[in-house]
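Novice: Sequence:
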Amino acid sequence: MVDLCTSHPGAWIPVIKQMDGAEVVALHDSGGIRPEGYAEQFAAEHGIGTVTPTIEEMVPLVDAAIVHSANWDLHIPHALPFIEAGVPVLIDKPMVGNLHDLNELQRLQAKHKTLIMGGSSVRYAAEVQELLALRDDMGELGVVWCHGRNDFFNYGIHTVEMFQGLLGAGVRAVEHVGAHGTMDVFRADYADGLPVFFALGAIASPWFISVTAKNGVFERVLSAKDNYRRLIEAFLGAVRSGEPPIALADNLEAIKVSLAAKVSRRDGTICYLEDLTNDERFDGFAFAEEYAKLRQ
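Quick note on numbering: the sequence shown equals residues 3 to 298 in the numbering used here.
Just so you know, these hints were derived from the structure itself, not from any lab. Please note that the accuracy of each hint is not assured.
[What the hints assert, rightly or not] Simulated DEER-style distance windows between Cβ atoms: (1) 279 <-> 239: 31 to 39 Å; (2) 291 <-> 106: 19 to 27 Å; (3) 79 <-> 216: 45 to 53 Å; (4) 138 <-> 21: 27 to 35 Å.
[Claimed, not checked] Once the Cα atoms are required to be at most 30 Å apart in a straight line, the calculated DSS-like pairs of lysine-lysine come out as: (5) 19 <-> 115; (6) 19 <-> 216; (7) 227 <-> 295.
Glycine residues also receive a C-beta, built at the ideal position from the N, C-alpha and C atoms.
Please work from the sequences and hints to get the whole structure.
Specialist: Below is the structure:
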């Protein structure tokens with residue numbers, strides 16, 4: 003595991019320990035969020051034998067890696083030693099925060115043929131997968147509505163990946179359609195015309211998704227209680243088979259949707275994903291600075 007910025011490493015390790023054939027054997031923390039000496043304390047508490055001074059020193063010790071950095075602008079440099087060595091890597095959400103890094107991640111995968119996956123565990127939520135299994139029973143889809151809580155990108159990416167976990171990639175454009183209090187509502191139009199309305203910063207706590215279709219209304223409130231295990235199992239399955247559950251380009255489309263939502267809200271226009279430029283970004287360094295203040 004690389005970086006201990008968030009609550010995820012501490013929450014994921016007990017889950018991994020319950021899985022057959024998987025063990026966390028090494029960690030590295032780059033600092034900036036946690037205090038000096040935290041990595042050694044964390045390793046002792048979780049029974050991890052090795053704390054490496056650098057990421058590069060971890061590479062020969064592991065069969066796969068998870069990058070947890072709160073600063074998503076550091077995800078590629080922190081994943082790069084593994085990618086170049088052909089070591090599969092899971093990049094925690096949000097995988098990247100701008101179009102340049104998104105394209106660079108795809109370029110690196112094409113060059114090194116390394117398994118790269120990641121993003122939100124909500125994509126793999128049991129309730130999302132239940133709806134996915136019902137797709138044929140739904141008949142023609144009419145409209146999809148979903149919402150999620152908290153901030154626009156670091157947490158909002160969960161909501162985007164929730165509906166993409168059901169519908170897959172294929173969003174053509176995003177439009178900001180209104181705001182109420184802390185909540186912003188957007189419409190994502192798929193290439194086949196299907197509209198998806200999604201709310202970020204919703205007033206209700208649980209993630210929620212509803213599908214109106216020819217054969218009825220299908221909806222779920224997500225419990226989120228098993229999401230981490232399901233994401234990690236998907237990653238371990240991909241490590242063993244060499245095949246990711248979804249293509250990297252499809253995995254990363256949620257970043258483009260989030261960027262398009264940002265542009266549409268700012269400019270008051272419909273933002274087509276194909277028109278996004280490298281100038282549009284979510285600032286990982288600024289987020290990590292604020293996150294560090296909260297942690298410390």
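Novice: Tell me the hint numbers this structure goes against, listed in increasing order.
Specialist: Checked against the structure, the only hint that fails is number 6, while the rest are satisfied.
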